[in-house]
Structures are given as C-alpha cells and as structure tokens.
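First to last, the sequence lines map onto chains V and F. Last residue of the first sequence? That's 122 in the numbering used here, and every number before it is there in order. Last residue of the second sequence? That's 219 in the numbering used here, and every number before it is there in order.
Quick caveat, the hints were computed from the structure, so don't treat them as lab data. Check each hint, because a few of them may be wrong.
[Unchecked claim] Pair by pair, the computed Cβ-Cβ distance ranges are:
no. : chain 1 : residue 1 : chain 2 : residue 2 : range
1   : V       : Val16     : F       : Thr111    : 49 to 55 Å
2   : F       : Leu30     : V       : Thr57     : 53 to 59 Å
3   : F       : Val36     : V       : Val9      : 21 to 27 Å
4   : V       : Tyr6      : F       : Glu200    : 39 to 45 Å
5   : V       : Arg23     : F       : Tyr12     : 39 to 45 Å
6   : V       : Gln80     : F       : Tyr12     : 29 to 35 Å
7   : V       : Val13     : F       : Gly185    : 42 to 48 Å
[Claimed, not checked] If you want the ones that stay clear, here's a sample from chain V, every Cβ over 10 Å from chain F, calculated:
no. : residue
8   : Thr27
9   : Ala64
10  : Thr109
11  : Ser120
For clarity, every value in this text was computed on a predicted model and none was experimentally measured. From the three backbone atoms N, C-alpha and C, an ideal C-beta is built for every residue, glycine too.
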Amino acid sequence: MNRNWYAAVLLLVLAVALCGAGRYVETSTGQLRQQLNCAYAAAETGHYTEAQRAYRTAAQTSTAHSKIWLLLVRRTLVDQFNQTLATLPAYATADNRADLAVETARACTQLQQIRQSFFSRF
Amino acid sequence: MLSTVTRTVVIYITVIAALRLMGKRQLGELQPSELVTTLLVSDVASICIDEPDLPLLASLALILLLTVLEIFSSTLACLFPAYARLLFGKPVTVIRDGEILQPALRRLRITAGDLMEALRGKDIFSPAEVLWAVVEPNGHISTATKAQNAAPLLPVLVDDTLYRENLAALQLDETWLDSVLQANGLARRQVLLLLYNGSELLLIPKKTTPKGWSGKGPS
Numbered sequence: 001m002n003r004n005w006y007a008a009v010l011l012l013v014l015a016v017a018l019c020g021a022g023r024y025v026e027t028s029t030g031q032l033r034q035q036l037n038c039a040y041a042a043a044e045t046g047h048y049t050e051a052q053r054a055y056r057t058a059a060q061t062s063t064a065h066s067k068i069w070l071l072l073v074r075r076t077l078v079d080q081f082n083q084t085l086a087t088l089p090a091y092a093t094a095d096n097r098a099d100l101a102v103e104t105a106r107a108c109t110q111l112q113q114i115r116q117s118f119f120s121r122f
Numbered sequence: 001m002l003s004t005v006t007r008t009v010v011i012y013i014t015v016i017a018a019l020r021l022m023g024k025r026q027l028g029e030l031q032p033s034e035l036v037t038t039l040l041v042s043d044v045a046s047i048c049i050d051e052p053d054l055p056l057l058a059s060l061a062l063i064l065l066l067t068v069l070e071i072f073s074s075t076l077a078c079l080f081p082a083y084a085r086l087l088f089g090k091p092v093t094v095i096r097d098g099e100i101l102q103p104a105l106r107r108l109r110i111t112a113g114d115l116m117e118a119l120r121g122k123d124i125f126s127p128a129e130v131l132w133a134v135v136e137p138n139g140h141i142s143t144a145t146k147a148q149n150a151a152p153l154l155p156v157l158v159d160d161t162l163y164r165e166n167l168a169a170l171q172l173d174e175t176w177l178d179s180v181l182q183a184n185g186l187a188r189r190q191v192l193l194l195l196y197n198g199s200e201l202l203l204i205p206k207k208t209t210p211k212g213w214s215g216k217g218p219s
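Just chain V, with the same shape it has in the complex (with noise of 0.2 Å):
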C-alpha cells in the first residue's frame, strides 16, 4: 500500500508541475506579447530608436524564457520566435514600416503557437 502514497505524491507534484508550467507559459507569453506590442506602438508614431531599444528587451526576455520553455514546449517554436526576434530591431526604420509590420505579427503568431504548444488539448 506505500506504493500507493508514493503514486498519491507522484501525482500530486505532476498537477502541481503541471500547474506551475502552465501558468508560467501564459505569463512569460503574456509579458512578450506586450513587449511586442509597445515596440511596434513606438515604432508606429515614429520613436524608433525607443522601438529598437523595445524589441532588444523582448528579444532578451525570450532568451531568458527560452531556458524554460525548451523543458514545456517544442524546440523549434521557440528557435523559430528567437530568430524572428533577432531580426526585428534591424526593421525598425523609417524606411522598413511594412516589413516590421509583417515581422511582428509573425512573432506575435509564433508566440501564440509557443503557447497553443502548452495548452492545445489534442
């Protein structure tokens, strides 16, 4: 019967871990999403250094995250949002607005499956 409180645990750190991870991952999305967000709204009316300096800090938040995410989520989800990331400071110009329009909502996107990749049911 030990064997069954040792199950009892198991599975009680399993939903605990579980838990956790989840809200982490909807957290550390939540957070770049809004990063995203910010940079392209500086962009937008024109601050573009400010924007530059934005995507630097989302693309750092990713990194960090990333150490996480690759224990919770599949690895190319999350190369493939740090490779987007690198390239949006470069977009963010006066003569790149389209191009840095289409780059983040790329990483938008991708930062949504990254977090489809956690919760999607089946």
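For chain V, the structure is supplied; the task is to place chain F on it using the hints.
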C-alpha cells in the same frame, strides 16, 4: 548532442525508477494491462531520446503518469475482484481428464496446433496424458499430468470469482459450496481462496486490514 546525452540519462533514471515503483509484477509474466503500460513507457522513452525537438518535461510527465495509473489500477484490482476480472480476465480450462474442451478453444481462438505446441513445450505429447490444463490470463498454459500422484487442487472460488466449470468437473454444485462455506462461518465474499480436488480442500479466508477494510461490502 549534449542534449541527447542528458535526455538519455534522465530518461534512463526515470524509467528505472518508474519500473521499480510499479514493482516486481512488471518484470515477470505480464498481464495485458501491464504489457500495455510497459510498451507505452518504452515508446515514450525512446521517442523522447530520439526527438530532441520534443520537450523533456512532457515525456517525463507521461512516463510518471503511466506509472501512477498502473499502480492505481493494480490496487483497484486487488480491492475489487470484479475490476480484476475485467482487467486481467479469467483462466480458462482447455483440457480436463485427457479430453480437450473444444468450445473453450474456440472461445480463446486457439487452434489444436497451438495447444499441442504449448503442451510439447512442457514435454507432454498427448492430451490424454493431461489431467487438467488451463490457459492463464497472461497466455501461458499450466498443466497437471495424470502421472502425478495427487489430483491437482482446482480453484473453485478465488477472490469472489466462482469457477463453475471446475465445480461441474468435480460433479459438485453451488449448494455444496455454500454448505462448505456455511460450515466454516464464511460468506463467498469473505473467501480469498477455495481449492478442491474431490478429497482435499484448501480454504483461506480474507483477512481484514488493521483499519477493517477487507476489499468487500457487507455480505
């Protein structure tokens, strides 16, 4: 490369811990549900090692979840005989007193060739030599030959499961069973094991746990 090495080590430790936690049942003859668990655990482990794209925690969680389900399922089988019957099935007698029980073979979808092969594996070359042969839930065949001195004790009542065919083979009925139990002051649900061979009787009642649970409702 490094991630593959780390994953292999982590999965190796986890699978060993999981099998250890599931107990020795998993290492011997496997029941159908145990076979499924073992196959799934090995598949999840190998996929995790082969596919660095998959998150490590997801594979670990799956292996541990399968372990938990197997432990709970085997505990339920101990506590509820009906669940055990559903999960593991029942042994089926295929030869009695040298005679092959053909309806049982059809029910099990075993050909006469399969049966003879299994008997030859036990150095028995004719069903006529067999006093009693039974196909166990794990697919193995157990036999008692006529050459053995004493007749084998046949299961009549095991953990709330009544073996009517064995009662019939002993030319007895449920009235006999109830009278034996009544003489011992037991109800059917209080019996762990009742074996009989026509002359010798083995009756083991269920023991209640320190907290009073005997795996049964009121009889």
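Now for the hints, and whether the structure bears them out:
1. One distance hint, 49 to 55 Å for the beta-carbon pair Val16 (chain V) and Thr111 (chain F), holds here, with the actual separation near 52 Å.
2. Separated by about 55 Å at the C-beta atoms, Leu30 (chain F) and Thr57 (chain V) satisfy the suggested range of 53 to 59 Å.
3. Checked against the given bound of 21 to 27 Å, the beta carbons of Val36 (chain F) and Val9 (chain V), roughly 24 Å apart, stay inside it.
4. Restraint check, Tyr6 (chain V) to Glu200 (chain F): a C-beta distance of roughly 41 Å satisfies the suggested window 39 to 45 Å.
5. Distance hint check for Arg23 (chain V) and Tyr12 (chain F): the Cβ-Cβ separation is about 30 Å, which falls outside the suggested range of 39 to 45 Å.
6. In this structure the hint that Gln80 (chain V) and Tyr12 (chain F) lie 29 to 35 Å apart at CB holds, the actual value being about 30 Å.
7. Evaluation of the 42 to 48 Å hint for Val13 (chain V) and Gly185 (chain F) yields a pass: the beta carbon distance comes to about 46 Å.
8. Residue placement check: Thr27 (chain V) keeps its beta carbon more than 10 Å from all beta carbons of chain F (closest about 17 Å).
9. For Ala64 (chain V), the non-interface assignment is confirmed: its Cβ lies about 17 Å from the closest Cβ of chain F, beyond the 10 Å cut-off.
10. Against chain F, the non-interface label of Thr109 (chain V) holds: every CB pair exceeds 10 Å, the least being about 19 Å.
11. Distance to chain F confirms Ser120 (chain V) as a non-interface residue, since its nearest Cβ pair spans about 12 Å, more than 10 Å.
Hint 5 from the list above is the single one not met by this structure.
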